[in-house]
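K.L.:
Working from the sequences, and respecting the hints, build out all of it.
Residue numbers (my numbering), protein chains in the order written: chain P, 1 to 651; chain D, 652 to 871.
These aren't lab readings, by the way, just hints derived from the structure by calculation. For every residue, glycine included, the Cβ atom is placed at its ideal position computed from N, Cα and C. Heads up, none of these hints are tricks.
Heads up, incomplete: computed chain D residues facing chain P, CB under 8 Å, no partners named:
#, residue
1, Y733
2, L770
3, A785
4, H829
5, S832
6, C854
7, Q862
Across the chosen pairs, the derived CB separations fall in these ranges:
#, chain 1, residue 1, chain 2, residue 2, range
8, D, D823, P, R254, 53 to 63 Å
9, P, D130, D, V778, 40 to 50 Å
10, P, P106, D, P738, 23 to 33 Å
11, P, A30, D, N787, 16 to 26 Å
12, P, I124, D, N869, 25 to 35 Å
13, P, R254, D, M813, 50 to 60 Å
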Amino acid sequence: MATGVAAWLPFARAAAIGWMPVANCPMPVAPRDNSKRQDELIMLNVSGRRFQTWRTTLDRYPDTLLGSSEKDYFYNEDTKEYFFDRDPDAFRSILNFYRTGKLHYPRHECISAYDEELIFFGIIPEIIGDCCYEEYKDRKRENLERLQDDQEENKDMKQPNMNFRETMWRAFENPHTSTMALVFYYVTGFFIAISVITNVIETVPCGSTANQDMPCGERYTVAFFCIDTACVMIFTVEYLMRLFAAPSRYLFMRSVMSIIDVVAILPYYIGLVMTNNEDVSGAFVTLRVFRVFRIFKFSRHSQGLRILGYTLKSCASELGFLLFSLTMAIIIFATVMFYAEKGSSSTKFTSIPASFWYTIVTMTTLGYGDMVPKTIAGKIFGSICSLSGVLVIALPVPVIVSNFSRIYHQNQRADKRRAQKKARLSRIRIAKSGSANAFILSKRNGLLNELLELTGTEEDEQKLTKSTSLIESQHHHLLHCLEKTTAHEFVDEHMYEQNCLETALETYPSRSPSIASHDSLEVACCGRRGKGNTHLPNASLPPAPPVPTHQGPLQELSAIHIQCGGPLPHTTSRSNLNFKTDDGSRINSKSGRITTAIISLPTPPALTPDGDGLHGPPQRRPPPPPAHPAAPSIQTTTSSAGVNIVKVSAL
Amino acid sequence: MKTKNCDQSFSDSRELDGSYDQLTDSVEDDFELSTVCHRPESMDKLQEQTKFTKKELQVLYRGFKNECPSGAVNEENFKTIYSQFFPQGDSSMYAHFLFEAFDTNKNGSVSFEDFVFGLSIILRGTVNDRLNWAFNLYDLNKDGCITKEEMLDIMKSIYDMMGKYTYPTMHDEAPRDHVESFFQKMDQNQDGVVTIDEFIESCKKDENIMQSMQLFENVI
Chain P
1 MATGVAAWLP FARAAAIGWM PVANCPMPVA PRDNSKRQDE LIMLNVSGRR
51 FQTWRTTLDR YPDTLLGSSE KDYFYNEDTK EYFFDRDPDA FRSILNFYRT
101 GKLHYPRHEC ISAYDEELIF FGIIPEIIGD CCYEEYKDRK RENLERLQDD
151 QEENKDMKQP NMNFRETMWR AFENPHTSTM ALVFYYVTGF FIAISVITNV
201 IETVPCGSTA NQDMPCGERY TVAFFCIDTA CVMIFTVEYL MRLFAAPSRY
251 LFMRSVMSII DVVAILPYYI GLVMTNNEDV SGAFVTLRVF RVFRIFKFSR
301 HSQGLRILGY TLKSCASELG FLLFSLTMAI IIFATVMFYA EKGSSSTKFT
351 SIPASFWYTI VTMTTLGYGD MVPKTIAGKI FGSICSLSGV LVIALPVPVI
401 VSNFSRIYHQ NQRADKRRAQ KKARLSRIRI AKSGSANAFI LSKRNGLLNE
451 LLELTGTEED EQKLTKSTSL IESQHHHLLH CLEKTTAHEF VDEHMYEQNC
501 LETALETYPS RSPSIASHDS LEVACCGRRG KGNTHLPNAS LPPAPPVPTH
551 QGPLQELSAI HIQCGGPLPH TTSRSNLNFK TDDGSRINSK SGRITTAIIS
601 LPTPPALTPD GDGLHGPPQR RPPPPPAHPA APSIQTTTSS AGVNIVKVSA
651 L
Chain D
652 MKTKNCDQSF SDSRELDGSY DQLTDSVEDD FELSTVCHRP ESMDKLQEQT
702 KFTKKELQVL YRGFKNECPS GAVNEENFKT IYSQFFPQGD SSMYAHFLFE
752 AFDTNKNGSV SFEDFVFGLS IILRGTVNDR LNWAFNLYDL NKDGCITKEE
802 MLDIMKSIYD MMGKYTYPTM HDEAPRDHVE SFFQKMDQNQ DGVVTIDEFI
852 ESCKKDENIM QSMQLFENVI
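P.N.:
Structure below.
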């Protein structure tokens, strides 16, 4: 509707007076404006900046937040204004939309922030005015590309359930994923180079025999044949392997790279078949030319080459224009030169097509000199030809260059993003794990607090009491409820891997705390935990007197718990894990004595026995065997796990 | 020098559009017209001259100035604004007639005063006033009587606003037939024209028309 000119609606209705006398039937009843509100000023307070506008201005767009009754949710009775806790700068353009009917996109705004504001206020971004629409779309596309890049990177990560075929395909497409893939990549590159070099050397005359120079190819036929065969073998095997591994064989066969592969190896096979037939040996020789296409196989290995190819493809229209204009100019000048030189004797310009060669050579400023005009007219036109040649070629070239530059920079940006991706992901991961760890820490602190209540010393308790905000405590309570519901507990990742380890290695011969280093062990049950969480953040550690971790009391511990061994398997395991945590991380450095105290308790108050073990909901682990020895392991602090679960000991 | 260059670039793009004529001065003329600013008379005076209250004048002026920041509407603008209310059909002819009716001093633009005077008559005037105004609208050459040709133009412009997609389908003779029935009703002495007195008399006799005139009470 004409909401932009809503103010003129009374005029349009008044203008209908022209229809009344003409109408033959009575007019319908007019709608009554029952809410006879006077037009009033509405105050909008956006993060402190006040905007005021007429109510009718906002009513123009009733399907947005400000135009509908949804804004009542933001009404503040005390100050009689509508309060929005949003960005006031972005709000300016939104309010202007109501006023003028056109939505503008301020160039300095971040595109995602702006989109969020639009969505919040119920305005669809498609109505951005023409003046700003292009800019908006460009920025939006860039943003989408960035997000897509991220997603693709995630896809790159190895999924746990990839079968052999998918693994192979992934290895082919991204050589950096595994060593085998890298080796394969370099080997094929090497053989491509060898093949191309032998093709070239084949034609070099090496050594003069009795009568004439023979190209090396004919002198050392066998050697070259062997090299060629070897290369073709490798290429064939590679092609077949790719074909096998491709997720969609049909698509793969249609892709450019595979066509290049086929063209590179076909001549050899055709040659094998056709050696005997004399008639087609000429064609056979031509086929050898196609061997040079092997050099295009390098484009799998070189990103720059791919960019070049892509640029040419995307500049197809400019190239077409260049070609067309050149053709036009060539024809014109060839005709002119032919007729100009027609008079002179023994001229090389025998026909117009013969003059094409001269025109091309001149326009591209090559100037071989095999054909030169002799008449004055011919020379004049020849000079005009060379001058215009420069112009015609110089015009589309900057377009192609700028296209190439744009694509190249895009690629560079993508590379940069990929390089920074690791840092970015680890940042995100740390942030995520920070919140999870906070819960586990606070659990521990809560228990420690209770213990301290039992054991005394006010000061320690005060030191340990971390001031958690209300939100945090509520969040922790929520996680706690979840633990209770599922009868499992959140555990630290290191603990979890250790448990995995222990369940895998069922036998524990020694009972002494053998310091087994589990650094390199990736147990099957834990899956491949490639990249992962770092050590538990120590930042939120409550201040406490550091207690050096010593082996003595721990040994005692192990002795103690082994005695209590059988009947309380879970306690055992819990204390065991606890014990491990003490050893492994500095966080529990203070809690040497507390650990002991914990064991002395019948059951830890907050944790009812859970049969299965001590893992957060996503993990299930078989119950630990009752009497595994204390194995104070040195944690690998930077084990990389693909899954983002933070587990810590139960206590 | 700078302005010359940017004018030049302006003209180049216009030339490429296919016309190879020299750049006329029309571009500058347009700029000139739009920079002319027109200020209406004070609200008190307008309030005396029209039948609107101050608040109503405020609302009207705000709407008016929103669409025409320069203070006066030219015919193009007027047509654009009016066409936004009738997206399906072509309202340009009727808008043209309206413009002629509103532009009482015939200077090619409708100022706020003209606008408000017209609206005051239509919305707040007596029935006679309204009928007078309607007659003025129909009488294209302002000679005091409506001929069949004038009425036909008006009728066509009204039917044009309907557009193509109507039910039942519009056939070409519809305006003409309507004009015939109109003259049947209005032209009492059957002389082929409708004078103002015939018009007012016939309208007052027609119940439907009288009832329709009441519609304008509540527009503002």
